Amino acid sequence: MAEFDPVLRPARRAGLEALHAAGLLSAPARREAIRCIRPPHRWWTWADRTLLLLGAALLLAGVVFFFAWNWAAMGAALKFGLIGAGLVACLVAAGLVGLDHLVGQTLLLAASVLVGVFLAVHGQVYQTGADACELFLAWAVLILGWTALARFAPLWLLWLVVLNTAVFLYWNQVVAVESCRFQHAPWVILALVHAAALAGIEAGRRAGRSWLAAPWLRWLLVTGVLAWLVIPVAVVTLAPEPTDPWGGVAVLLWLAAMSAAGWFYRFRAPDLPALTLFAASNCVVLLTLIGRCLAEAFEDAVFLLLLALAVLGIVGLALLWLRHTHRALAGGSDDR
Amino acid sequence: MTDRDPSYGDVLRHLADRGLLDPARTADLHALLARREAAPDQPWYVSALAGAGAWVAGFCLVLFLHEVGAIARWEAAQLLPWGIGFLIAATALRRRARSVFLVQLALAASVVGHVLVLGGVAELTRRSHGHVFDSAEPTGALAAAAVLLAAAHYPLNRDPLHRFLSVLNAAVFVVVWVFDARLHVPLYLLLLLEAAGVAFLFTWHRTSADLRSLAYALATAFVLTHVVWISRLELGAPEWPARIVSALWLLWILHWSAGGRSLLRHEPLLVAGAAAVLLAVVAPPGLLAAIGLLVLGHALGERVLVGLGVVFVPAYLIVYYTELELGLDRKAYLLMASGLILLAARWVLGRRPWAREEEAA
Amino acid sequence: MRRAIYWLLSAAVLAALGYLLHEKESILRDGRLVFLKQAPVDSRSRRPGNSMPLRYEIEAAVGDDAGWYDSTDGHLVLALDERHIGRFVRIHAGEPLAPDEILLRYRRRRGGLRIGAESFLFQKGHAMRYARSAYSELRVAPSGQCILVGLRDADLAPLGAARSP
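Protein chains in written order, with my numbering: chain Y, 121 to 456; chain Z, 3 to 363; chain U, 12 to 176.
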């Protein structure tokens with residue numbers, strides 16, 4: 121692919137307007153061209169999805185805000201009655217509409233959010249004083265079945281956010297206060313959960329499940345795996361703690377994740393954003409290592425200068441590799 | 003998502019089939035496209051990595067300069083010359099550099115220059131105030147300096163990432179100044195400027211690669227201004243001017259996206275317009291900005307713009323939740339009403355016969 | 012098939028939520044009324060907001076007990092006086108209780124005692140209504156599980172909009 125052909129690029133409104141302004145497209149031709157790239161039925165499908173998801177998201181956010189207010193004047197029975205009625209209504213409607221339909225899936229998403237609202241109000245009314253992590257964990261467990269059933273990427277996103285919050289709060293409120301040392305285990309477990317989910321969607325994609333094709337789901341999961349591994353690996357690099365075996369596990373898993381991700385997203389399912397995340401996490405770990413060696417060997421001023429050069433060098437190498445890969449992949453698809 | 007965008011070739015064939023193309027001018031047409039549609043540039047996420055690397059390296063260099071004594075006293079007399087020197091060196095290096103490493107070095111040097119010059123300006127204005135205990139930060143002077151730096155840099159330094167960061171940096175300082183000085187009118191003017199800038203730059207047919215950095219920086223600044231505003235409601239700036247600006251902006255975007263004179267039939271556009279006006283009455287102003295970015299991004303095929311709008315919504319809602327000025331009960335009603343307006347718009351659009359007709363098509 | 016699983020699953024989730032309510036309501040219905048004297052809380056952690064951290068005087072008494080340091084989670088034995096105010100007696104070791112004694116389940120967190128009533132949530136802006144709080148009103152089930160029902164002042168008069176027994 122030495123020669124670049126602009127005619128093969130996806131047509132954009134801006135380019136068509138430029139052709140029109142240069143007098144190369146007449147007014148009717150311009151109108152027909154715009155209609156060709158964004159025909160009304162495409163606008164309709166887009167508006168249908170966007171209005172449904174955004175409207176539902178705002179409505180649910182409103183419901184969450186409403187119950188977070190913890191109305192003193194509203195009795196417990198009324199609160200639970202409202203949430204319960206909403207929950208049953210969403211579930212029945214989702215069942216009747218069917219889970220293959222976007223409306224049904226959105227209703228199930230709403231029901232899943234309402235389960236969380238129910239648990240939060242339960243904590244308010246009975247003053248359970250439960251750790252917030254227990255609430256999120258219960259929430260994740262209760263909606264897991266629906267999530268698995270719905271084949272709906274936004275619901276999986278909700279589930280992952282809830283689970284991540286649960287583990288993070290557990291680490292923050294329970295583990296971190298029980299001991300002062302850095303704990304590797306929660307990070308590694310979170311990374312493993314994301315890795316399992318990632319493996320799941322990659323397998324699903326291979327099997328041709330179209331609802332898993334949304335690229336953002338893959339990027340989020342890759343971010344999850346790499347970020348949750350890079351933190352313990354960087355800590356191990358800076359302050360090795362031989363007594364915590366999870367630190368070693370984190371390093372091994374990171375090496376495994378690096379090799380697997382680098383190979384898979386370069387050769388099996390080429391994906392430049394995933395490779396960029398891969399490169400960025402490599403940069404962080406390498407620079408932590410180099411920074412530590414430099415700090416041991418040099419005085420402050422020399423250390424800072426050498427560190428700056430190391431950052432430029434390592435990131436520069438990563439960019440060089442990414443550009444090379446970009447060019448190598450550009451022949452296949454145009455995925456900006 | 004499932005629909006792939008047709009290529010220019012597909013569109014031109016489609017027009018030729020209908021006899022809407024002048025065959026004599028095909029060569030001109032291809033030449034113009036070749037000029038406009040340059041080879042695929044560096045994707046934004048690769049640029050983000052480059053930017054992050056340059057930032058870290060730049061800050062290491064600033065600390066290095068401090069360690070070796072060049073700017074040890076952190077005084078304007080030291081900061082300004084060094085800063086300007088770094089900016090000139092960065093610009094000169096960037097114009098010449100071909101290798102990735104030198105480009106990164108130029109960007110890092112520019113970060114150093116920005117930090118030192120802005121630090122110097124802050125020192126200069128703080129000293130001229132004369133009060134040692136004057137806690138008011140000289141944000142106005144900083145904002146002016148940052149805007150001047152960005153304006154001076156834009157034509158000189160042709161690196162798109164550099165342009166984006168420089169403009170965004172200026173916008174951040176302006177936002178800080180507006181909220182620090184508790185100014186209402188400049189806040190509206192800023193929002194107006196950002197909204198108009200985004201709408202104009204993304205839709206203007208002469209916006210080329212040179213101006214795309216500015217367009218994206220303004221879009222990011224637009225979103226950022228809304229997030230900062232929602233977190234600082236205690237300023238008490240009335241919302242209605244922003245609501246009017248946002249409503250007009252959204253209506254204009256809907257109108258343009260429909261192809262100027264309505265290419266959609268008029269009715270759906272009327273429904274969308276009515277929903278936009280209703281939304282402008284109840285919704286927190288940032289949500290209109292988000293919807294405008296989504297519509298504009300879809301019309302243009304700019305996925306990054308759509309992504310910016312999508313990511314903005316949850317961030318905005320979280321900040322809205324933690325803000326303390328307005329009671330959660332009021333916020334809950336406003337959000338529920340906004341959601342219901344969108345769902346109602348969908349319901350009305352879906353019930354019209356043409357929607358079903360075209361769904362079948 | 013998928014439909015049937017969906018309906019079964021939904022029924023199960025609703026049943027689980029219903030069980031959560033039933034559990035708490037049965038404690039409210041059958042539990043014994045107990046008042047616990049509150050201990051002063053570091054004022055820095057009493058930020059005005061929508062919740063109030065609570066600590067109890069029994070915590071100091073439990074800390075003096077020899078059995079506390081090798082226990083993890085378990086039950087406390089409280090003795091109730093005629094005003095239903097609970098006083099710590101001992102850590103439960105399986106022995107039978109006297110008629111005026113009750114069990115209160117506890118967990119050890121941060122080396123301290125937690126009985127599950129360490130914070131009181133209220134509508135934002137209502138903090139002043141609870142400023143005179145001196146006792147916590149609990150309902151304690153025979154199993155030792157408790158529910159924080161409301162806050163009382165030094166004369167055991169209910170505060171705020173707490174549900175009265």
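A hint or two may mislead.
[What the hints assert, rightly or not] Straight-line distance between alpha carbons at most 25 Å, and here's what the computed DSS-like set of lysine-lysine pairs gives: (1) Lys48/U with Lys35/U; (2) Lys199/Y with Lys35/U; (3) Lys135/U with Lys199/Y.
[Said to hold, decoys possible] One-sided and incomplete, this derived list gives chain Y residues near chain Z with beta-carbon spacing under 10 Å: (4) Asp125; (5) Val127; (6) Pro130; (7) Phe185; (8) Ala319; (9) Ile321; (10) Ala323; (11) Arg325; (12) Trp383; (13) Leu392; (14) Pro393; (15) Val405; (16) Ala428.
Think of the hints as simulated: they come from the structure by calculation, not from any bench.
All values derive from a computational prediction rather than experimental measurement.
The C-beta atom is built at its ideal place from N, Cα and C for all residues, glycine as well.
Original post:
Going back to the hint list, which numbers does this structure go against?
Top reply: When the structure is compared with the hints, numbers 8, 9, 10, 11, 12 and 15 turn out to be violated.
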